[in-house]
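Protein sequences appear in the order of chains C and S. Using my numbering, read the first sequence as starting at 1 and increasing by one per residue. Using my numbering, read the second sequence as starting at 1 and increasing by one per residue.
FYI, nobody ran anything at the bench for these hints, they're computed from the structure. Quantities reported herein were computed from a predicted structural model and do not represent experimental measurements. Just to be clear, a hint being listed does not mean it is correct.
[What the hints assert, rightly or not] Distance ranges between label pairs, derived from CB positions:
#1 Asp35/C to Leu134/S: 49 to 55 Å
#2 Asn107/C to Leu134/S: 53 to 59 Å
#3 Ile53/S to Thr88/C: 44 to 50 Å
#4 Met218/S to Ala36/C: 17 to 23 Å
#5 His120/S to Gly194/C: 34 to 40 Å
[Said to hold, decoys possible] Derived lysine-lysine pairs resembling DSS-like cross-links, with alpha carbons at most 27 Å apart:
#6 Lys220/C to Lys133/C
#7 Lys214/S to Lys133/C
#8 Lys214/S to Lys10/S
#9 Lys67/C to Lys2/C
#10 Lys7/S to Lys214/S
#11 Lys10/S to Lys67/C
By construction, the Cβ of each residue, glycine as well, lies at the ideal position given by its N, Cα and C atoms.
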Amino acid sequence: MKALRFIFYILLVVMMPVVFYMALVWVPPAMGLGDASRILYFHVPVAWSSVLAFLAAGYYSVRYLAKEDYRYELYAWNAAFTGLVYSTLTVVTGSIWAHISWNIWWNWDPRETSAVILLLIYIAYISLYSSLKERPGRGKISAVYLIIAAVVMPFLVFIIPRIYWSLHPDMIFNTKNKFDMESSMRITLFTSMGVFTLLYFFIINLMNRTAVLEKKIQEKIHDN
Amino acid sequence: MENRIYKHLKKDILVEFRNRSAVNISFAFAGITTIAVSLASGGIRLDANIQSILFWIIIFFSGMSGLAHTFIREEEERTALFLAIHSIPEEVYISKLLFNLVFFIFIALVVSPLYIFFMHAIPVHFTHFCLTVLFGSIAIASVSTILGAIVSKAENRGTLFTVISFPLMLPVLWIAIMNTTASLEPGAAPGFQSILFLLAFSGVIISASYLSFKFIWME
Numbered sequence: 001m002k003a004l005r006f007i008f009y010i011l012l013v014v015m016m017p018v019v020f021y022m023a024l025v026w027v028p029p030a031m032g033l034g035d036a037s038r039i040l041y042f043h044v045p046v047a048w049s050s051v052l053a054f055l056a057a058g059y060y061s062v063r064y065l066a067k068e069d070y071r072y073e074l075y076a077w078n079a080a081f082t083g084l085v086y087s088t089l090t091v092v093t094g095s096i097w098a099h100i101s102w103n104i105w106w107n108w109d110p111r112e113t114s115a116v117i118l119l120l121i122y123i124a125y126i127s128l129y130s131s132l133k134e135r136p137g138r139g140k141i142s143a144v145y146l147i148i149a150a151v152v153m154p155f156l157v158f159i160i161p162r163i164y165w166s167l168h169p170d171m172i173f174n175t176k177n178k179f180d181m182e183s184s185m186r187i188t189l190f191t192s193m194g195v196f197t198l199l200y201f202f203i204i205n206l207m208n209r210t211a212v213l214e215k216k217i218q219e220k221i222h223d224n
Numbered sequence: 001m002e003n004r005i006y007k008h009l010k011k012d013i014l015v016e017f018r019n020r021s022a023v024n025i026s027f028a029f030a031g032i033t034t035i036a037v038s039l040a041s042g043g044i045r046l047d048a049n050i051q052s053i054l055f056w057i058i059i060f061f062s063g064m065s066g067l068a069h070t071f072i073r074e075e076e077e078r079t080a081l082f083l084a085i086h087s088i089p090e091e092v093y094i095s096k097l098l099f100n101l102v103f104f105i106f107i108a109l110v111v112s113p114l115y116i117f118f119m120h121a122i123p124v125h126f127t128h129f130c131l132t133v134l135f136g137s138i139a140i141a142s143v144s145t146i147l148g149a150i151v152s153k154a155e156n157r158g159t160l161f162t163v164i165s166f167p168l169m170l171p172v173l174w175i176a177i178m179n180t181t182a183s184l185e186p187g188a189a190p191g192f193q194s195i196l197f198l199l200a201f202s203g204v205i206i207s208a209s210y211l212s213f214k215f216i217w218m219e
């Protein structure tokens, strides 16, 4: 397990600078958008990470309801919190990109709207969690909310943008209405998504371990 | 089980119609806002898009006060514990869901003709309009049933219900608004993809709620 973790860290430490090099230097800029288009290699992975956070929050919530282990409640909270941060970054980077390509900061494109709704769901979860303070069923009730949110997420991220016409990325990077990027761009994008996935797991793992340790310390102080 | 669900549903309907607070407020809200919007617009013929936005906003807020009420009432009148001992959670969930479905469809049935009459919003594709209203109402009632159960266990219920329900209902409102716009426009050819979306959305929410309801109810 330790060896695996070591390989994971090494991979992350080595690959992150590689992704930055590929995105900022190696890959050619998109036609018509110039160097500003390089934000794509950070915007898409960040959006992908916010979806991962949703799935992680749903997964930990199911585990919490099944096992009633307090650690999963903490993990679900951490996943939702990282989701909130990643969704905010998605909205901000998306808005910058929208301004570069369409000369408008915000235009309620289906994908933009989906990202904002994801952000609102995380905010709603945090409001719910705080209003259940001191209640014994806090973990279970908020876990159910995260599960409901996790089943709504695919409708927002994968279905709505395909039902309604969107300016989002298909129209910009291809003319055949298919995922048709230049190979160097595709390699860079997928490498970046892979490394950002590793980064997400690194962050959530670190947060989870810290949260469990904090809880144990609090209990020890309380016992004394 | 069906018999007990029927008894729960009958009890909820009787309690609600004897008390009539939620029903009265919802219908009064629906009527007043429709007339207020019509008055404010001064008889101007609005675009199909604006018509459908206003229509769904009125439906959404008319139902909001009543939908969470079914669970909150059980907590406020301290009958939730008795219900939890007396019935299995799945029965309670199904009966409350059916109550909310009936309640919301009833609201939509009152708002729709009022809105069509006062706002001159005559649907060109009538079947499509009816299906959108029906399945949109089912989707909103499905989400609000489980969220009503969640907020009934929390503090600041009224405000919290709006905060937690709005983001989860936005996809439904979004699709319903676009669909209603298409059904009001003469040149539009509304597809059934979005009707399917509303149906699938309700199905997924009801399934997840049915499986997880006991974890909220037994707290």
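To see whether the hints hold, each was checked on the structure:
Distance hint check for Asp35/C and Leu134/S: the Cβ-Cβ separation is about 51 Å, which falls inside the suggested range of 49 to 55 Å. A hinted range of 53 to 59 Å is violated for the C-beta pair Asn107/C and Leu134/S, which are about 31 Å apart. Distance hint check for Ile53/S and Thr88/C: the Cβ-Cβ separation is about 27 Å, which falls outside the suggested range of 44 to 50 Å. For Met218/S and Ala36/C, the Cβ-Cβ distance of about 54 Å falls outside the hinted range of 17 to 23 Å, so the restraint is violated.
Separation of His120/S from Gly194/C is about 56 Å and departs from the stated range, judged on CB atoms against 34 to 40 Å. Distance restraint check for Lys220/C and Lys133/C: the Cα-Cα separation of roughly 21 Å lies within the 27 Å cut-off, and the hinted pair is therefore satisfied. Of the pairs offered as hints, the one joining Lys214/S and Lys133/C holds, with about 20 Å between alpha carbons and a cut-off of 27 Å not exceeded. Note on Lys214/S and Lys10/S: the hinted pairing holds, with a Cα-Cα distance of about 22 Å set against a maximum of 27 Å.
Note on Lys67/C and Lys2/C: the hinted pairing holds, with a Cα-Cα distance of about 26 Å set against a maximum of 27 Å. Of the pairs offered as hints, the one joining Lys7/S and Lys214/S holds, with about 19 Å between alpha carbons and a cut-off of 27 Å not exceeded. A distance of roughly 36 Å separates the Cα atoms of Lys10/S and Lys67/C; the hinted pair therefore is violated under the 27 Å criterion.
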